[in-house]
Amino acid sequence: MSSADAPQSISARPRVSTPLAVVSFRRIVSDLLNRNWIEGAVPFVAFFGLLAILLLTTDGYFSPSNLGTLARYSSDVAIVLLAMLLVVAIGGIDLSVGSNYAVCVLASLYLFHIVELPTWLVLPLSVLCGAAVGLLNGFLTGVLGCGALLATLGTMITFRALFVIGSQASLVEISTSFRGDAIWDFFGFDDLFGVPVSFWILAVVAIVLHLMFRHSRFGWHILAVGGNRKAARHAGVPIKRVILLTYVLAGALVGLAGFLYAARENSAGSDTGLGLEFFVLTGLVVGLGGFVPGRGSVFNALIGFATIYLLSNSLRNAGFRGDFVQAAMGLILVAVLALDTKYRKERHRLLARAYLDPARLTLAPAMDLADLAPGRGANKLADATILAGGRIDGPEDVILDRDDNLYCGTRDGRIMRLLAPDYTRIETFAKTGGRPLGMAFDAEDRLVVCIAGMGLYRIPGPNRVERLASQTRRSWTSLEDDRAIRMADDLDIAPDGRIFFSDATKRYEMETWAVDLLEGRPNGRLLCHDPRTGATTTVCDHLHFPNGVCVSHDGRRLLVVSTAQCSVMSFDLDRLDEGPREFITGLPGYPDNINRASDGGYWIALAGMRSPALDLAMREPGLRHRMAKRVPPTNWLFANLNIGGVLKCSADGRIEDSYWDAPDGPLYMITSMREHRGELFLAGVSNDKIGRLKLPGADSRWTSNDSYWPR
Amino acid sequence: MFGRRAEAQPSFPLLDGPLRPNDALEEAEAIPVAEPHDMCIAADGSLLVSSGASLLRMNDWGDGGPVRVAEFGGAVTALACRDDGLAAVGIEGEGVKVLDADFAVHDGLYETDTRPTGTTALVFASNGDLLAADAGRDGGAYPYTRELFADSGGGRILRISENGTTTTVASQLRCPHGMVETSAGSLVISECWASGLRTTGPEAGFNELPGNPGRIHRRQSGGYLLACLSRRDPLIDFIRTEEAFAARMMAEIEPEYWVAPRLSAQADYRYPVQSGATRLFGETKPWAPSLSYGLVVLLDTDFQPGASLHSRANGTRHGITTAVEWRGGIVALSRGSGELLRVKGEHP
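From first to last, the protein sequence lines are chains A and B.
Using this note's numbering, the letters of the first sequence map in sequence onto residues 1 to 711.
Using this note's numbering, the letters of the second sequence map in sequence onto residues 712 to 1059.
Isolated chain A, as found in the complex (with noise of 0.2 Å):
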């Protein structure tokens, strides 16, 4: 390793292989559960399943004139379940839904056939109509509070009366009517480009409500009262408005329905909108898989609107009975709400049981320390004095700025600032609302700052925090949205200004990256942030937790710490799409923060120290999979954090001294460390803080200022 030439000997040095993806059985199931889209997928699956045994048993099934027919006699129906799907997003349910219908086709046809009213007043009059009728259902769920069930169910029963009645006085003298109108005609039975005029409605109905529910306030409105009315309320929506306006808009298109039917048909039954509630709820729940509140998917409720209704109608040509079609139509409905419920109750359960997925990893052997390990020589941390002992919860790393005063991060996502000289007067120099971690100077003598849960920040002054990156590019590889920046962990600044730094994990959070050490797979990932274009690219992805990041004294290469594979790499800044070369592997303990030393070579943190048994259990992914399933977390073999310490390397890797703290002693886990004048800081992320040691013989002015930003 010892190399006159050292920058050469570096470049020479075998690659470290990061795969392209990871491919896991278990990581498929799991990214698969964590999508939103999987519940919608499976109506898609029986949807298309259903067609393709239409396609195979029925001959003619798909030819234009018969879906047509399908088309015409399917879109108001269609919109009726729109019209249910709107009060079922807001929490709601109308049952009335079948006798507002009827009594709206009911009133179509009295204007258009009895009064004589022109088609373009009969349709707006239809729609009124059914928006009264809505109207009423809110005003006693929405404004009086009643249940909507039972509130629905009486205006159905109510409605249902009053159609009958209407009908029975007005029905003769509606089919002995022999008016006829163009535009009348034009909603019952033209096609337009092909199809049906009302399937234009029910498809201009649709992309409306998926809009409204997209981009709209009021659809917003809709979907926060359904998911939560309580949290919906606090955020300030105004709940009994809106439930009123959702039945009235819902009433409304049962209105538009009715007088497409009314159009279609030129006639009523008695039976006319019968059952209608029934039909459309089944097709709901097929189409969002259950009964959900709070979910305004169009698309799906009308893929399972399609799927019964073929279903139905499939059956019926076949040569079922309708009551049979009914039995078969009240199963489906009860079995998927069964399903659902089940699949709800159990999904986190089936998520957790996949998510933890441990892969072999064979790390080289541990360096021999021999006379620097711990507690062979003197214990050189002892010596160190503790500065705001108790009065900082987590300090991962820490820095200085010209004037000596030093920053650290906390637990609680502030930044504090110690003042020179004597760090005893603490104040909160920035509220970050995350974990700050790794910290680096710009040119600017500006604080860069990556925060985990939320990405790479910069703090020009007190108390102001600016966003540089919370996203990358997406990897095409990853089944995962891996966009969001998950565990920024550490950076630091080339000479051209470009901030690179580390994402540690990509599928676990702070709380949780132990598990992520646990896993042993390659979650992590190298950022770039180029402030002058303000893009931030992937470096290289699938590394094993990422972690220090420090451009070399000669600012051509990138040393990055991987703590899982308690190794440095180096990456040339030139070539970086070369990829890793190793730089130091096989270190006795777990890495945390690279810094620069004085003395041209770089100080090493080591969060805590490997044994045999955790290297050996790390090369058996079935036995740690177990445990984890087994084993209480608190219980599971892990990293010793209990003894860390730092490490001095020369600048080609040599690891030349050790600093450690007695056994008991205050400086246990050491996640960061800044040399400055002399003088050595030090921090752990699970301490409450930080250590300040002489380093005799060190450049007394040396400062990492000056060695990045020279004045």
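No lab work stands behind these hints, which were simulated from the structure alone.
A virtual CB, placed ideally from N, CA and C, is assigned to each residue, including glycine.
Pairs of lysine-lysine residues, derived as DSBU-like cross-links and limited to a Cα-Cα distance of at most 30 Å, are as follows:
no., chain 1, residue 1, chain 2, residue 2
1, B, Lys996, A, Lys629
2, A, Lys342, A, Lys629
3, A, Lys230, A, Lys342
4, A, Lys230, A, Lys345
5, B, Lys996, A, Lys380
6, B, Lys1055, B, Lys996
Covered stretches of chain A, as calculated for chain B (at least 3 residues, CB under 8 Å):
no., segment
7, 607 to 620
8, 629 to 635
9, 682 to 695
Let chain A serve as the given structure and place chain B on it in line with the hints.
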């Protein structure tokens, strides 16, 4: 798809109720003793303590510390005293020796051809026979941990009469580490790696212990004192079910670094650690999981626990091998800290 399989380990009693943790052992008075293994109360009321290959004697607690009275060719691993002043010692590699009242080796008594491989406990029965617990494997520096993962089937209790006639009272034991004769005359044996007590009589055994029991001694009140070498641990219990991994661990890793119970709280940086044991702000949590623990269980006449003395994860007085009642207090031997401990006061 949604089925729930019972994958959890068989549970063992929590440290709660009478076993609720306290700091009694941590706060006890202590006298340092190097490499202690066992102790017993001699006929004259003094306390005999083994220390490595030596035998120490102490007349009373504040008596200026124990005095060496004998020296042997190997570590003394077990001790028993007879009412008439005779003492039996188990010596590593040499078997059982009998000492007279002046601690000189007394040949011709209890001499047997069936030599125990690893004597873990000696007891004089009421009829004068000598009972010897044999772990079936030599102790060495890491006593019997190999036996934890690979059962040799050699654990047994021998009954040796004065003239040397030897019978096997019980065999196929998982590292027997202590025994006591009940008033009914049956024998109760503590099986260290089975975490339970086994009896040769009709008494109900106390089978689920939260620790790995060591020696058991009778109290004046009629109950018993059970010393526990370590605490049961879910991780170790799990590794014991992983036979392939355990075999690989034993083949590839030095015994010192195995995932196994320990007697001492002292830690090398290469020792395995459980995730919950990570220090916070530099402090070891007392409730943290640990591979070593100090525990003495006070059992009633039916061998049910009534009270307990603890040294927790943040303590050092771990690996309690023996506890006896002596001169108005409970005296316990901590192999972990190399100390003789005395807990004064009334105990239920």
